[in-house]
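Chain order of the listed sequences is Y and W.
In short: position in the first sequence from 1, add 8, done, that's this note's numbering.
In short: position in the second sequence from 1, add 8, done, that's this note's numbering.
Think of the hints as simulated: they come from the structure by calculation, not from any bench.
All values derive from a computational prediction rather than experimental measurement.
There could be a bad hint or two in this list.
Since the list gives no way to pick one copy over another, a pair counts as held whenever it fits inside one copy or between any two copies.
What the hints assert, rightly or not - Here are the computed lysine to any residue pairs in the SDA-like style, where the Cα-Cα straight-line distance is at most 25 Å:
1. K441 with G18
2. K93 with D78
3. K124 with N460
4. K387 with K522
5. K553 with G76
6. K93 with E518
7. K111 with R461
8. K522 with D78
Number of protein chains: 2
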Amino acid sequence: SRQIRAPRGGTLHCRSWLTEAAYRMLQNNLDPEVAENPKHLVVYGGIGRAARDWACFDQILQSLRELGDDESLLVQSGKPVGVFKTHPDAPRVLIANSNLVPKWANWEQFNELDRKGLFMYGQMTAGSWIYIGSQGIVQGTYETFAEAARQHYGGSLAGRWILTAGLGGMGGAQPLAASFAGAASVTIECQQSRIDFRLRSRYLDEQASDLDDALARMARYTAEKRAVSVGLLGNAAELLPELARRARAGGLRPDLVTDQTSAHDLVNGYLPLGWSVADWQQAQQDPARHAQLTEAAARSCARHVQAMLDFHAMGVPTVDYGNNIRQVAFDQGVKNAFDFPGFVPAYIRPLFCEGKGPFRWVALSGDPEDIRRTDARLKELFPGNAKVHRWLDMAGERIAFQGLPARICWLGLGERHVAGLAFNEMVRRGELKAPIVIGRDHLDTGSVASPNRETEAMRDGTDAVSDWPLLNALLNTAGGATWVSLHHGGGVGMGYSQHAGMVIVADGSEAAEKRLARVLVNDCASGVMRHADAGYELAIETAKKHGLKLPMLR
Amino acid sequence: SRQIRAPRGGTLHCRSWLTEAAYRMLQNNLDPEVAENPKHLVVYGGIGRAARDWACFDQILQSLRELGDDESLLVQSGKPVGVFKTHPDAPRVLIANSNLVPKWANWEQFNELDRKGLFMYGQMTAGSWIYIGSQGIVQGTYETFAEAARQHYGGSLAGRWILTAGLGGMGGAQPLAASFAGAASVTIECQQSRIDFRLRSRYLDEQASDLDDALARMARYTAEKRAVSVGLLGNAAELLPELARRARAGGLRPDLVTDQTSAHDLVNGYLPLGWSVADWQQAQQDPARHAQLTEAAARSCARHVQAMLDFHAMGVPTVDYGNNIRQVAFDQGVKNAFDFPGFVPAYIRPLFCEGKGPFRWVALSGDPEDIRRTDARLKELFPGNAKVHRWLDMAGERIAFQGLPARICWLGLGERHVAGLAFNEMVRRGELKAPIVIGRDHLDTGSVASPNRETEAMRDGTDAVSDWPLLNALLNTAGGATWVSLHHGGGVGMGYSQHAGMVIVADGSEAAEKRLARVLVNDCASGVMRHADAGYELAIETAKKHGLKLPMLR
Ligand SMILES: NC(=O)c1ccc[n+]([C@@H]2O[C@H](COP(=O)([O-])OP(=O)(O)OC[C@H]3O[C@@H](n4cnc5c(N)ncnc54)[C@H](O)[C@@H]3O)[C@@H](O)[C@H]2O)c1
Ligand SMILES: NC(=O)c1ccc[n+]([C@@H]2O[C@H](COP(=O)([O-])OP(=O)(O)OC[C@H]3O[C@@H](n4cnc5c(N)ncnc54)[C@H](O)[C@@H]3O)[C@@H](O)[C@H]2O)c1
Chain Y
9 SRQIRAPRGG TLHCRSWLTE AAYRMLQNNL DPEVAENPKH LVVYGGIGRA ARDWACFDQI
69 LQSLRELGDD ESLLVQSGKP VGVFKTHPDA PRVLIANSNL VPKWANWEQF NELDRKGLFM
129 YGQMTAGSWI YIGSQGIVQG TYETFAEAAR QHYGGSLAGR WILTAGLGGM GGAQPLAASF
189 AGAASVTIEC QQSRIDFRLR SRYLDEQASD LDDALARMAR YTAEKRAVSV GLLGNAAELL
249 PELARRARAG GLRPDLVTDQ TSAHDLVNGY LPLGWSVADW QQAQQDPARH AQLTEAAARS
309 CARHVQAMLD FHAMGVPTVD YGNNIRQVAF DQGVKNAFDF PGFVPAYIRP LFCEGKGPFR
369 WVALSGDPED IRRTDARLKE LFPGNAKVHR WLDMAGERIA FQGLPARICW LGLGERHVAG
429 LAFNEMVRRG ELKAPIVIGR DHLDTGSVAS PNRETEAMRD GTDAVSDWPL LNALLNTAGG
489 ATWVSLHHGG GVGMGYSQHA GMVIVADGSE AAEKRLARVL VNDCASGVMR HADAGYELAI
549 ETAKKHGLKL PMLR
Chain W
9 SRQIRAPRGG TLHCRSWLTE AAYRMLQNNL DPEVAENPKH LVVYGGIGRA ARDWACFDQI
69 LQSLRELGDD ESLLVQSGKP VGVFKTHPDA PRVLIANSNL VPKWANWEQF NELDRKGLFM
129 YGQMTAGSWI YIGSQGIVQG TYETFAEAAR QHYGGSLAGR WILTAGLGGM GGAQPLAASF
189 AGAASVTIEC QQSRIDFRLR SRYLDEQASD LDDALARMAR YTAEKRAVSV GLLGNAAELL
249 PELARRARAG GLRPDLVTDQ TSAHDLVNGY LPLGWSVADW QQAQQDPARH AQLTEAAARS
309 CARHVQAMLD FHAMGVPTVD YGNNIRQVAF DQGVKNAFDF PGFVPAYIRP LFCEGKGPFR
369 WVALSGDPED IRRTDARLKE LFPGNAKVHR WLDMAGERIA FQGLPARICW LGLGERHVAG
429 LAFNEMVRRG ELKAPIVIGR DHLDTGSVAS PNRETEAMRD GTDAVSDWPL LNALLNTAGG
489 ATWVSLHHGG GVGMGYSQHA GMVIVADGSE AAEKRLARVL VNDCASGVMR HADAGYELAI
549 ETAKKHGLKL PMLR
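Make the full structure from the sequences, and use the hints.
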């Protein structure tokens with residue numbers, strides 16, 4: 009089977025660095041270091057693919073090699089469908105993935121088309137060629153914890169600890185993110201193998217022998233203000249209620265409670281109370297036991313949420329981390345399950361209001377030194393931004409690169425274009441070995457409508473209005489991003505979201521400088537606009553501070 | 009209440025003709041000669057609006073007056089939400105109307121947002137400022153009949169007659185379109201007032217006294233090859249079966265059968281057999297009688313469709329004109345109701361395969377003479393195109409302008425940009441009094457996904473894939489159209505369609521020339537691409553003939 013790896017170095021395989029960037033990033037998405045299942049072109053997120061099939065993949069590369077600087081390649085659900093005459097300031101690639109007319113926007117329709125080779129699931133950054141491995145989830149979680157720190161603890165988690173569960177694919181980022189954010193943490197996980205894996209990769213510092221030991225460690229680390237992460241083997245549905253009981257009785261209280269077990273999938277994702285892991289895994293394999301398993305898991309989730317509600321009632325900040333556990337408990341009769349909020353309205357939305365989101369960049373040279381230089385430059389550019397400094401230091405030290413060296417760093421309006429222009433300058437001056445490609449997740453301030461996640465509980469009730477991501481894509485196309493994408497169903501599945509991607513190349517040229525100045529402002533400004541329009545004060549202030557022209561706000 | 013009328017003449021109210029065009033076209037959409045209910049900003053198609061409310065309308069105009077040539081205005085469901093820095097070759101306005109995340113894409117969600125002033129229904133050309141009155145439906149129907157002529161009768165309907173029903177808002181265009189296409193016609197209509205209205209406006213030539221008289225006239229007009237249109241008062245559910253019976257018994261046979269009663273709305277749209285119009289209208293007002301009315305109407309539709317099936321079985325070309333009457337009959341137990349096709353797969357799709365669609369242009373000067381000159385120029389440009397000549401001659405003679413003088417003319421790939429460039433040349437040479445604005449309906453070859461209408465029964469089963477209209481909008485933005493729009497729900501309502509609009513200004517400049525050459529090719533080429541991708545031979549041939557670069561087809 010084929011092994012894909014993006015070319016490195018300063019030699020072009022295409023006619024410009026704009027097309028070369030797409031050429032390398034598509035291949036990088038399928039690098040075995042990056043992709044979850046490269047054999048099937050799957051990058052991440054279940055079945056999120058980079059191209060529809062190998063023939064399409066090869067032809068996209070071929071088309072990119074030939075593409076002129078006044079042409080644009082159209083990619084339709086992973087298939088290269090047309091090359092059209094545009095102009096140098098237009099995007100070189102335009103992408104639409106997985107979009108279905110709403111009445112037909114479901115998995116049945118998707119699967120039927122997919123089976124026939126007519127369709128593809130693009131997830132967010134899989135089909136838009138800007139996935140960079142697990143660094144993204146670490147920073148996303150870090151931002152969430154850091155924002156909680158800002159809201160509840162004057163910006164510092166020193167001497168505080170976070171209580172959560174789940175050390176799976178995404179949840180495994182929690183202990184490292186907590187450490188980065190300056191907090192000690194206990195993460196409950198029912199599978200020893202998962203704990204071992206995270207210990208090995210240094211995402212988790214140590215394992216407690218039991219509950220008492222875990223609490224003792226927290227008492228010590230918080231007193232010493234040491235951000236050490238501790239794993240605890242056990243069932244959250246049993247341990248969380250016990251921890252709540254002790255806290256109520258005057259024991260140690262966590263400073264933040266959340267959860268990343270896979271409660272959204274009651275067959276495969278949540279170990280029921282009293283079950284052994286072995287029996288759980290057997291039941292997963294046996295469809296005849298799924299009803300029983302689902303019911304037991306749901307009942308356990310209800311207990312779990314009840315404990316979270318107890319912490320919430322004690323005044324401990326408590327959030328749902330997008331795993332649907334509140335809904336499961338609610339359906340089990342826990343009437344006040346939604347008393348504590350989801351993480352987006354609680355912690356991410358304030359960031360979105362300032363245009364902050366998962367900005368990222370990749371060194372096309374393949375040289376890690378290029379990323380180290382950009383890291384250093386960024387610290388110079390934002391001398392007063394302690395959160396950014398902290399993140400960059402720790403990421404530089406503890407995040408292993410996957411594929412082409414890359415960095416993620418949540419920046420906001422007024423910051424992203426400064427970074428982009430600085431990188432372009434560095435390329436021009438020859439301080440980097442090759443151009444830098446800049447992008448972001450579709451989970452960003454102006455680029456997504458997803459009523460169960462990013463746009464849950466918008467202040468004005470416009471959760472489902474998807475004009476905004478569509479405008480975002482049109483605006484980035486108009487501004488001259490290098491590639492722009494429009495997707496459906498990322499993150500939450502068919503029917504539940506629409507979102508837009510944007511990638512732009514800093515090749516050191518003056519033309520790139522102009523495009524970067526436009527696109528990196530507009531892209532996040534459109535998110536500030538969207539939140540200002542929904543009535544968020546912080547967004548309105550941000551818009552005013554940066555002089556955005558929002559006609560109906562004056 | 010306010011009366012809106014677009015400014016005429018050569019004086020700018022904005023800073024360029026690009027923004028002036030949007031400025032005039034928005035106002036033109038609300039001209040009482042053009043709009044159905046201008047007081048409520050409703051242009052056409054139920055509640056299709058041009059702007060969200062009067063405050064938004066005023067602010068759009070204000071923003072357009074101020075907009076620089078390197079700025080773009082964003083309009084979100086009729087509200088001007090932002091002005092961003094772009095560049096001269098980017099669109100001046102980017103529009104997204106009525107878009108909802110699929111799971112929430114229904115009328116309940118729409119209505120709730122609309123009631124709160126947070127949303128707007130853009131229909132197709134209402135919210136994208138390129139509606140030109142009833143000329144559009146006349147030409148659309150003409151094209152349908154002309155394509156039927158090409159497929160079944162060697163291109164000529166001389167000596168032939170069309171049998172149909174319904175002289176309502178859209179159906180009323182049928183007799184005139186039939187005459188334009190060279191066919192005599194009988195249109196059955198149950199309301200005398202509707203017949204009178206169409207006689208007055210010269211859309212209908214004469215009225216027959218009864219069925220025998222109508223048939224006698226058809227015998228005469230077909231013998232004389234005269235394209236005279238005849239209205240016949242009565243119920244189609246009664247008269248159509250009788251006509252089928254006579255035809256089977258050797259009587260006069262129509263050469264094409266269709267129907268435009270409002271069978272899609274069984275309460276308000278279809279008079280049941282045996283009911284008087286007065287009783288029908290009373291029952292419409294009385295919700296208690298709706299069940300009875302619906303049932304009676306459905307049963308009558310079943311008889312009506314049975315008669316259409318009889319004609320179909322006799323070998324008479326028979327099509328459903330998008331009023332859902334086959335579905336109604338099918339639900340009533342007419343198992344073979346779908347034996348005859350819808351009009352799009354039958355007659356419109358072949359046109360789409362050649363990139364043909366509802367191309368249109370408007371004289372910003374307001375001078376009808378400008379349109380006459382463009383008509384003449386078009387005839388020079390396409391000397392061999394008899395259909396275009398015939399249409400332009402008849403339209404010039406019989407279509408009254410509404411608002412700014414405009415012309416619609418279905419042109420295809422290889423024709424649209426030739427027309428656009430010629431108009432630009434005329435503006436530059438001063439042969440026209442002001443620039444020309446060029447656009448099209450969203451019902452076009454590359455711009456719509458609508459599984460119950462424009463993309464019904466696609467050869468490869470991709471009816472619901474909406475990547476295509478999204479790519480179309482991105483491509484037109486990249487190419488430099490003057491405004492670009494992305495809508496949801498046009499034509500068939502919330503949940504059932506996604507589509508894109510495009511308008512571009514020919515201001516006589518060299519920059520416009522380049523943009524026109526790109527956009528007017530790409531826009532319809534993207535439709536040829538979409539149909540080629542679906543496997544239509546005619547589209548594949550068209551693509552080859554015009555040298556389109558479709559990477560997976562080589
Ligand atoms: N942006 C978002 O909305 C967002 C971000 C991150 C994670 N999430 C959600 O978080 C959840 C976790 O994601 P993941 O990729 O890590 O899933 P995963 O399935 O890989 O990991 C879940 C982990 O929870 C453990 N677990 C299950 N039941 C348990 C129990 N009763 N007690 C203790 N541990 C238990 C499992 O052993 C497993 O290691 C998912 O529901 C995901 O959707 C959402
Ligand atoms: N692009 C398309 O898909 C397309 C285009 C044109 C029309 N249509 C469809 O065609 C239909 C007509 O549209 P409209 O705007 O003209 O509607 P309308 O309601 O204005 O007109 C319908 C007419 O049919 C007459 N009628 C009703 N029942 C009758 C009967 N039993 N016998 C004779 N006459 C009868 C009514 O009196 C009325 O004049 C609609 O269903 C519309 O959706 C679709």
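Which of the numbered hints are not met once you compare them with the structure shown? none
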